[in-house]
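Asks: On the provided structure of chain R, position chain H as indicated by the hints.
Number of protein chains: 2
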Amino acid sequence: MNGADALIQTLVANEVTACFANPGTSEMQFVAALDGVPAMRPVLCQFEGVATGAADGYGRIAGAPACTLLHLGPGYGNGVANLHNARRAFTPIVNVIGDHATYHRRYDAPLNSDIATLVAPNSIWAKSADTPDTVANLTAEAVAASYGPPGGPVSLILPADSAWLPAQGAPVIAQKPVRPAPAGAAVDAAARAIKAAKKPVVLIGGQACLAEGVREAARLQAVGVTVYTDTFIARTPRGAGSFAPRKMQYFGEMALAELEGVDLMIYAGTSMPVAFFAYPNRPSMLVPEGCETLTLVERGEDSAAGLAALADALGAPKQGPTQALALPDAAPSGKQTAYTIGASIARHMPEGAIVCDDSVTSGAGIAAAGATARPHEVLALTGGAIGIGLPLAIGAAVAAPDRKVLSLNGDGSAMYTIQALWTMARENLDVTVVIFANYTYRILNIEMMRTGAGEAGPSARKLLDLGDPNIDFVAIAKGMGLPAVACADADAFETAFAGAMAQRGPMLIEARL
Amino acid sequence: MNGADALIQTLVANEVTACFANPGTSEMQFVAALDGVPAMRPVLCQFEGVATGAADGYGRIAGAPACTLLHLGPGYGNGVANLHNARRAFTPIVNVIGDHATYHRRYDAPLNSDIATLVAPNSIWAKSADTPDTVANLTAEAVAASYGPPGGPVSLILPADSAWLPAQGAPVIAQKPVRPAPAGAAVDAAARAIKAAKKPVVLIGGQACLAEGVREAARLQAVGVTVYTDTFIARTPRGAGSFAPRKMQYFGEMALAELEGVDLMIYAGTSMPVAFFAYPNRPSMLVPEGCETLTLVERGEDSAAGLAALADALGAPKQGPTQALALPDAAPSGKQTAYTIGASIARHMPEGAIVCDDSVTSGAGIAAAGATARPHEVLALTGGAIGIGLPLAIGAAVAAPDRKVLSLNGDGSAMYTIQALWTMARENLDVTVVIFANYTYRILNIEMMRTGAGEAGPSARKLLDLGDPNIDFVAIAKGMGLPAVACADADAFETAFAGAMAQRGPMLIEARL
Chain R
53 MNGADALIQT
63 LVANEVTACF
73 ANPGTSEMQF
83 VAALDGVPAM
93 RPVLCQFEGV
103 ATGAADGYGR
113 IAGAPACTLL
123 HLGPGYGNGV
133 ANLHNARRAF
143 TPIVNVIGDH
153 ATYHRRYDAP
163 LNSDIATLVA
173 PNSIWAKSAD
183 TPDTVANLTA
193 EAVAASYGPP
203 GGPVSLILPA
213 DSAWLPAQGA
223 PVIAQKPVRP
233 APAGAAVDAA
243 ARAIKAAKKP
253 VVLIGGQACL
263 AEGVREAARL
273 QAVGVTVYTD
283 TFIARTPRGA
293 GSFAPRKMQY
303 FGEMALAELE
313 GVDLMIYAGT
323 SMPVAFFAYP
333 NRPSMLVPEG
343 CETLTLVERG
353 EDSAAGLAAL
363 ADALGAPKQG
373 PTQALALPDA
383 APSGKQTAYT
393 IGASIARHMP
403 EGAIVCDDSV
413 TSGAGIAAAG
423 ATARPHEVLA
433 LTGGAIGIGL
443 PLAIGAAVAA
453 PDRKVLSLNG
463 DGSAMYTIQA
473 LWTMARENLD
483 VTVVIFANYT
493 YRILNIEMMR
503 TGAGEAGPSA
513 RKLLDLGDPN
523 IDFVAIAKGM
533 GLPAVACADA
543 DAFETAFAGA
553 MAQRGPMLIE
563 ARL
Chain H
53 MNGADALIQT
63 LVANEVTACF
73 ANPGTSEMQF
83 VAALDGVPAM
93 RPVLCQFEGV
103 ATGAADGYGR
113 IAGAPACTLL
123 HLGPGYGNGV
133 ANLHNARRAF
143 TPIVNVIGDH
153 ATYHRRYDAP
163 LNSDIATLVA
173 PNSIWAKSAD
183 TPDTVANLTA
193 EAVAASYGPP
203 GGPVSLILPA
213 DSAWLPAQGA
223 PVIAQKPVRP
233 APAGAAVDAA
243 ARAIKAAKKP
253 VVLIGGQACL
263 AEGVREAARL
273 QAVGVTVYTD
283 TFIARTPRGA
293 GSFAPRKMQY
303 FGEMALAELE
313 GVDLMIYAGT
323 SMPVAFFAYP
333 NRPSMLVPEG
343 CETLTLVERG
353 EDSAAGLAAL
363 ADALGAPKQG
373 PTQALALPDA
383 APSGKQTAYT
393 IGASIARHMP
403 EGAIVCDDSV
413 TSGAGIAAAG
423 ATARPHEVLA
433 LTGGAIGIGL
443 PLAIGAAVAA
453 PDRKVLSLNG
463 DGSAMYTIQA
473 LWTMARENLD
483 VTVVIFANYT
493 YRILNIEMMR
503 TGAGEAGPSA
513 RKLLDLGDPN
523 IDFVAIAKGM
533 GLPAVACADA
543 DAFETAFAGA
553 MAQRGPMLIE
563 ARL
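For the protein sequence lines, the chains are R and H, in the order given. Heads up: the first sequence runs through residues 53 to 565, numbered per my numbering. Heads up: the second sequence runs through residues 53 to 565, numbered per my numbering.
Simulated from the structure, these hints should not be mistaken for laboratory data. Bear in mind the structure is a predicted one, so any value in this text is a computation, not a measurement. Please note that the accuracy of each hint is not assured.
Identical copies look the same in the list; a pair holds intra-copy or inter-copy alike.
[Claimed, not checked] List time: in silico SDA-like cross-link candidates among lysine to any residue, alpha-carbon distance up to 25 Å:
{"id": "1", "residue 1": "LYS299", "residue 2": "ARG157"}
{"id": "2", "residue 1": "LYS514", "residue 2": "ARG93"}
{"id": "3", "residue 1": "LYS228", "residue 2": "PRO173"}
{"id": "4", "residue 1": "LYS387", "residue 2": "THR154"}
Next comes chain R alone, as it looks inside the complex (with noise of 0.2 Å):
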């Protein structure tokens, strides 16, 4: 056994079965190794932001980490955009990034660069195995460590030698760390307020938009406290049969406005909600003057617990409000507008479908619709680095194959990791494609104008317009093994949309709108 073989068996035995690869030479051992455990599951990205997105899908539908098999420091650098988002969404992920032998790190070869930094940011984690017998170990403590909680991703640096040599390596068991329960100070604390406050709401996030969490939440809007959750979630319920909380508005200012005349909010599972992005006279915080904050449940806590726990200390009864089962009736027709999409993605979406969302500005018209659509979950972009939904589906379709999963993809955001087509179609994993496609970034012609920097010009247009030339997902995906069909109206759509959903395998619809 050598130092790849101690890890694969390692990761395997702590239930660590799906590796999101793109190798280079000094991953060879590594990938030699992969033969020998044919229970890791190897998944090739042409791109590694595909493989840190696929491994946050996965991770997020999972609960397990999946892992990740980078090419030293420049390797990682293409996954940090998609590990940053995932470190937002709190999602275990084991990287392992492969690197020069020990020995030879002092020549500074071409590749050689300062790995332990570049991963500093966005790893909650970070080890390097630099002799082959401590591979085993450091592999079990990268595994618990990614649980957290509240859990992220880790990085387990593996030196070429430290993979290549002898090791010694009875797999090592990691132990899953268990979330405590909140304190009953808190409880008691956010019951007294409740009781005593005129307008509470109560502000879900992370591991309390789970379906055990939103439904004891429902609880607590039925005794008056208005439940709201994150802008965006890394997953959590919708449709038919589930609680729909409102959503913390993206904008601010909207935010506040909807938010007038709270004197009491009260956190569980996530912290103040603030603005996304500071604008000129604005404010950052999105909690209204004088009103009181008290934190019920923190990250790492128990939220669902936590929510029962206040929801019995209230009275509350022992269900809350959920969503009745309303599709539209009527096919969509005519002019194409994300309502008409969400529209049909509702009437044809099946039960337990995993809504991958990356779509921004036409992100509210799927909501819409789905509020009411037939039960499903919805995995959302947490981090703000868009180029997320492609990759987010190849995991979550590799972590639950007998789900139909939906990438839903601006055309801007779908670019930064179009590569994520060709694994889908390697890999045969029933995703259903769709892209916005209005050949704009939309979300920065708005922005423009909210942060003051006045009427785009010749120069910011350039920088802003996505057409000239327009894009042709229906080739690109072609190009990588895809079908594909384009639709410029809601009829099209929607005969696209139930082809799509009728049949299994992975296929795109380009939306013209």
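Replies: Showing chain H alone in chain R's frame:
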């Protein structure tokens, strides 16, 4: 004038006139300010790795920095791999990284991250302009720092409020540093050592590989000093009229076999040659045992001056050997290989062409015929992070609009930054893209054996092969607005390439191997 105006005006005053950009909300003031300074050319890239690679290509050809415009930590992250290459090429680049407003940072909004740490490994200078009045001065400081010598990427972090607030901004002119000539003692020592040596070589790299340095190095060759270059060179002339030094072989054992008996190695503009990767039981240092080593010119010194002084001290003739023009007479025909492609390229490539080389295992075939082709220049992959061939060509074409640019790419390499095709189409750049489509990471199949990792089984092969499905680059190119053609044999490539050279504007040729 606000901070964004001050920034752009200072850049332009310092001859930074191209901006490769992928902006977001925090960069809207910069985008708006571009309209006031038409001397700055904005080039939109739909992925930041394209922007940084393009800035590298621009800097190598212009000899002056371009700027990039990147969106917080994740935007910079996407650009890391090609900035790693640029650092290894010592290319001046001014990265402008938008950040949250200074007062907003503390709220840790979703896009917040530790930018200062993230940029450190690939920045030779990094500062944040935390007040608007510092912007102009720091911009000038950034430009100056990017020149080194020996130069490299710098990172100027621009918080949104520093961009939008009023700023003092009389453009500040940066001092361009002058490279000092090497000390006379270093020249004398080298001359003495050469006279005493049996088999002396000089290894040139970096600035020594520009036209003037190569010319002076040829004079050393004329007096019996064998001239080698580093394996991967940022920029160097090739073809008729240039001296053709030997190149350090990529594989260490081959390099050492070729260097057998060498008893003196003199460095000019570079340092000790090392193996690209470590392998079990193979050397890291590529200097023969017992060989004396001396540094004639440090990387930051004036290489041509040092080489000229050494040639004078040795009484070398004023002119060394150069290559005669020798083009393949016959059009290649039949089965297509890297050598038939190289022959077609040599036959039709015009004088002054710029070859951006990310062709990995296909490169040798091109280099063979290129050595006696019409005079051209080659930009190589300096840092080993594949995915630079397409972006590099964008930058070279923007810097030298009157020269034909060739972008040579392995299929695996091309996929990393495939979004670059769209920018070539939008800017109507005179770039001919060649994709060597062998449907595998061929280099990794070779490296798998060399690392002793053994025969690839089914899992390993899944990570080495790029087929299943084969990528259709013609479809992808058309999807991004580029004319494209696929060639299955040498005859078809000859026709397609001759056609591409006879016209202006971007096109792609998929060469099936």
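Asks: Against which earlier hints does the structure fall short, listed by number upward?
Replies: 4
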